[in-house]
Amino acid sequence: MRLRAISKTFRAGGMEVRAVDGLALDIARGGITGLIGPDGAGKTTLMRLATGLLTPDPNASSATVHRSRQQRDPTVELRVLGIDVLAEPMRVQETIGYMPQRFGLYEDLSVRRNLELYADLHGVAHAARASRFAELLELTGLGRFTERLAGRLSGGMKQKLGVACALVRPPPLLLLDEPTVGVDPVSRRDLWSIVQAMARDNGVTVLVSTAYLDEAEHCDDIVLLHRGRLLGQGPPRRFSEAMRGRCFHVSAGSMRRRALQLRLSRDPAVLDVVLEGAGARVVARAPGALSLPALAAEVSDLVIRPVEPRFEDAFIDRLAAAVGSGRAPAPLPTAATTSRPGSGASREQPSKATHAVRPGGDAPPIDAPAIDAPVIEVSGLQRRFGRFVAVKGLDFEVRRGEIFGLLGANGAGKSTTFRMLCGLLPASAGKVRVAGLDMRRSAPRARGRLGYMAQRFSMYGDLSVLQNLRFFSSAYGLRGEHQRARIDWALATFELEDIQRERSGDLPLGFKQRLAMAAALLHEPEILFLDEPTSGVDALVRREFWQRINALAESGTTILVTTHFMDEANYCDRLVIMADGEVLAAGTPMALIERARRPQQPEPTFEDAFIALISAHRKASEQAA
Amino acid sequence: MSDAHQGTRTDYRDTVDTVGSIAARRMRLLGLIRKETQQIKRDPSSLAIAFVLPVVLLLLFGYGVSLDARNLGIAFVVEQPDADTASLLGAFRRSPLFEPREYRDIQTAERAFSARQVFALVWLRSDFARRLRGHGDAPIGVIVNGVDANQARIGTGYIQGVWRKWLAGWLREQGIDGAPPVVLEPRIWFNAAVRSRDFLVPGLIAILMTLIGALLTSMVVAREWERGTMEALLVTPIRIPELMLGKLAPYFALGMGSMLLCVAVGVGLFGIPLRGSVLVLLATSALFMLVALGMGLLISIIAKNQYVAGQMAIITTFLPAFILSGFIFAIGSMPAPIQWISHIVPARYFVAILQTLFLAGDVWRIILFNSAALLVMMVLLLGRARGSFRKRLD
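Protein chains in written order, with numbering that gives the first Met the number 0: chain A, 0 to 624; chain U, 0 to 393.
The set of hints was computed from the structure by calculation and includes no laboratory data. Predicted model only: the values in this text are computed from it and were never measured. Be aware that a few hints might be false.
[Claimed, not checked] Here chain U is said to cover these stretches of chain A; the calculated rule only asks that three of the stretch's residues, wherever they fall, bring their Cβ under 8 Å from a Cβ of chain U:
no.	segment
1	104-115
2	493-505
3	517-528
[Unchecked claim] If you want a taste of the chain U side facing chain A, the calculated C-beta under 10 Å gives, among others:
no.	residue
4	Ala23
5	Val307
6	Gly309
[Unchecked claim] Chain U is nowhere near these chain A residues, computed Cβ spacing over 10 Å in every case:
no.	residue
7	Asp25
8	Thr50
9	Leu52
10	Thr54
11	Glu93
12	Tyr97
13	Leu174
14	Arg309
15	Glu602
Each residue gets a CB set at the ideal place from its N, CA and C atoms; glycine is no exception.
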């Protein structure tokens, strides 16, 4: 693939958005090339340009601007497999395989019919089909579901079927647009092994875009995009090698992780900090030994050790350079602005509670949340839909100021549980107490004390930021001076002042998310429910978001969150992993990781632990069936 | 897993036809048609529009909605009953159009009239018989409820008709001949029974075919855009004519099936005559179906989501077909500018053909002229759709 001076501009509501900006790029034949970049980097536009579905803009910088439209601008060049896409889009479309982001499956047709349709379209001879289908079905593990309607498959299986459809005739080039988005980790792993098998065995060149940075390591070559421009290209190892000597793991047994992260994020020597294991993972601004004199003076048992760099570190580094600053958002003003008792300032300092001895003795000291009465109590919680049992008897407790995670593959019952906790859905059996109130009897009163941020952007897109905040604050019953004070607080805390008059529908994703969170916090809820708050959000925005969540938890708000990003599990104090409506495991992230430690896997990640649990569960339920 | 595959792997390049060959084209087209057919079978709403809606509408228009005035209640005021008034009342009683109720005084009758218990008042004064036999100029008072202007006009005509017929018979009985020098004897052609059903049902077929061709088709194409399946289809060896034909063929069949169902119900259940030839009916219906499909395709190219496509189809095709086609409202009695506008409504031509075919027969002048208009529209619409359907997203 060869691109020269490729630009593409979209017009939306009077604004011009340059999705791809003067890109010059070569992608070699063979292997897997990853197209990586944050939301709005131009990944999808680039894919569509390569398929001939979009035509590039004329080159604004060349002298040939004023040529008539019929004449081609020779400086704009777009070739795929040696074919000139601009001149012969049909030939490209005949040759390549393409799976758009919203996979092109017919949900009302069965798996087999979908495959047959694409076999017809690609002219696969009838004689060759039986063996081809069998091979693809085995590869994707869909063999048992051939007669099932595509719409009834799980998200992961749909994506696998989408890939299978694009592969009915192995194309010399396969374009996959974010095939793993919204797919659970087990299915993601399967998808990658399918793609790698195709690249290796059938000599298919693959161009795959992804929002998951850890997937970069599966690729042979990486194209890093940001705002339509090329930030870098090369094998993933070259990206991460550049970061060698800048990555450290910092832990301090006497300091709670969140407090540690907060401190580190304010340190000028630190570019990026994420929670990992018992401490925090730090990317330094400059190579060399990381010294944190201020922190070391304060905490006696500070341990800093260098760690292997990852692709993600390089990604953050390059993006920070491109954006101009990698600075973390201003931390939330904490107890001072909240009038609630129990969120005392004493918790700012490492308190006695953090030293609470855990059963098990040698387990590393992990955040021990403040000992308070549980804010959420769930016991024997069940939910049936007809004969289908979506949630089969859950038991857990969440204490004040905890970040509590609900993790699970699609269809595990997370959302159903969530809705019951918020009082949006009555429980079929069992007990739910939220903020000391029985959700069966006092759901409306309890709802006044909790905030909810839905998975999808639930603000009014055609209202301005300020209008949205005004509306939601009045919906929560705030009036007069208090309302004004809270809106001012929201605008200041979430840095929305400069954009308060803008239409919220036009905002970039990160701002939308801030606005949604601000709206959910206007009435100073004790508990905040976040339903997949980071899905579809890129790594930068996710970091910023979690810093805010951490600060919020530090100020005493209890947070319940569902997520499908495995690395985000590290931010939770405790979590449960769900599958098929039941709890597979519960505990701190470290404890769950510990359980996955095997001789053949000495340093498991949380994702490894999750996959091990889910796979064991699936095996067990298959044997039972 | 890869090792296991190494052995079974075949080189597919040998088994794939070249993209442009006739066999490959046929395979792609049949694949699309098969897919579309299965989708129709699985989608209850498209089957409902094609087969349930026609029956419901036919029953509604066949039994319920009628533009005829029938079983009209009349307050028959006879101030002084005698043989002559009884004879006239009998004439009204015998007519299937009226249900007369006898009153002795005008006051009670007027009360019934005001309460809308009766549609009209026929008032025979006490001197009716005397004047009739005396000078032969016996007036009868008729008051008609004019709220529904159409019904009032029809009702008045019917009342006059019954009166004249009775008078003529009465005169003959009396042996007075030649009394009314001119007798108007209306004879109604093509729909001798003057049943509005006979002319509504053919029009209904045009409406239903518009609905299937334009509304259903535009919505299913928009659905493909909305769900992203179109994007995947575009990046395959498929050609635009194949894509269009793959969409048109199944809905063409669906529309024709619906048309046949309408004809069967209309002729079988309602006894509507089909005086023209079935072959001409099929040919002109096929032509109109293509026009409707062309409109549907054009809409779906402009509107890429189902909601907008549905709204556009209703406003630009269904409503004009309902109002401006002559299906219910006679085009000839519309103001001139609206008559001109009606010329761009394809259903207008088809309704004219259908009404002629069902009620009059193969009147070639009408059929050929209207078919020619439809043919021009078909070429324009399908040509335009072909021209603006691109394998592009921008």
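Evaluation of the provided hints:
1. Note: the segment 104-115 of chain A has 7 residues with beta-carbon separation from chain U under 8 Å; the three-residue rule is met and the coverage holds.
2. Coverage of the segment 493-505 of chain A by chain U is violated [criterion: at least 3 residues with CB-CB distance below 8 Å; count 0].
3. With 0 residues bearing a CB less than 8 Å from a CB of chain U, the segment 517-528 of chain A misses the requirement of three and the coverage assertion fails.
4. Checking Ala23 of chain U against chain A: minimum C-beta separation of about 4 Å stays under 10 Å; hint holds.
5. With its C-beta approaching chain A no nearer than about 17 Å, Val307 of chain U sits outside the 10 Å limit, and its interface hint is violated.
6. For Gly309 of chain U, the interface hint is violated, the least distance from its beta-carbon to any beta-carbon of chain A being 18 Å, above 10 Å.
7. Listed as outside the interface, Asp25 of chain A is consistent with that label: its C-beta sits roughly 22 Å from the nearest C-beta of chain U, beyond the 10 Å cut-off.
8. With a cut of 10 Å on Cβ distances, Thr50 of chain A falls inside the contact zone with chain U, its closest approach being about 5 Å.
9. The Cβ of Leu52 of chain A sits about 5 Å from the closest Cβ of chain U, inside the 10 Å cut-off, so the non-interface label is violated.
10. Interface exclusion of Thr54 of chain A from chain U breaks down, the closest Cβ pair being 6 Å apart, not more than 10 Å.
11. With a closest Cβ-Cβ approach of about 4 Å to chain U, Glu93 of chain A is found to fall inside the 10 Å limit, against its non-interface label.
12. At the 10 Å boundary, the C-beta of Tyr97 of chain A falls inside the reach of chain U, the nearest C-beta of that chain being 4 Å off.
13. With a closest Cβ-Cβ approach of about 8 Å to chain U, Leu174 of chain A is found to fall inside the 10 Å limit, against its non-interface label.
14. At roughly 27 Å from the closest C-beta of chain U, the C-beta of Arg309 of chain A stays outside 10 Å, upholding its exclusion from the interface.
15. Separation of Glu602 of chain A from chain U is adequate, the least Cβ-Cβ distance of about 26 Å exceeding the 10 Å criterion.
The structure fails hints 2, 3, 5, 6, 8, 9, 10, 11, 12, 13 (numbered hints given earlier, in ascending order).
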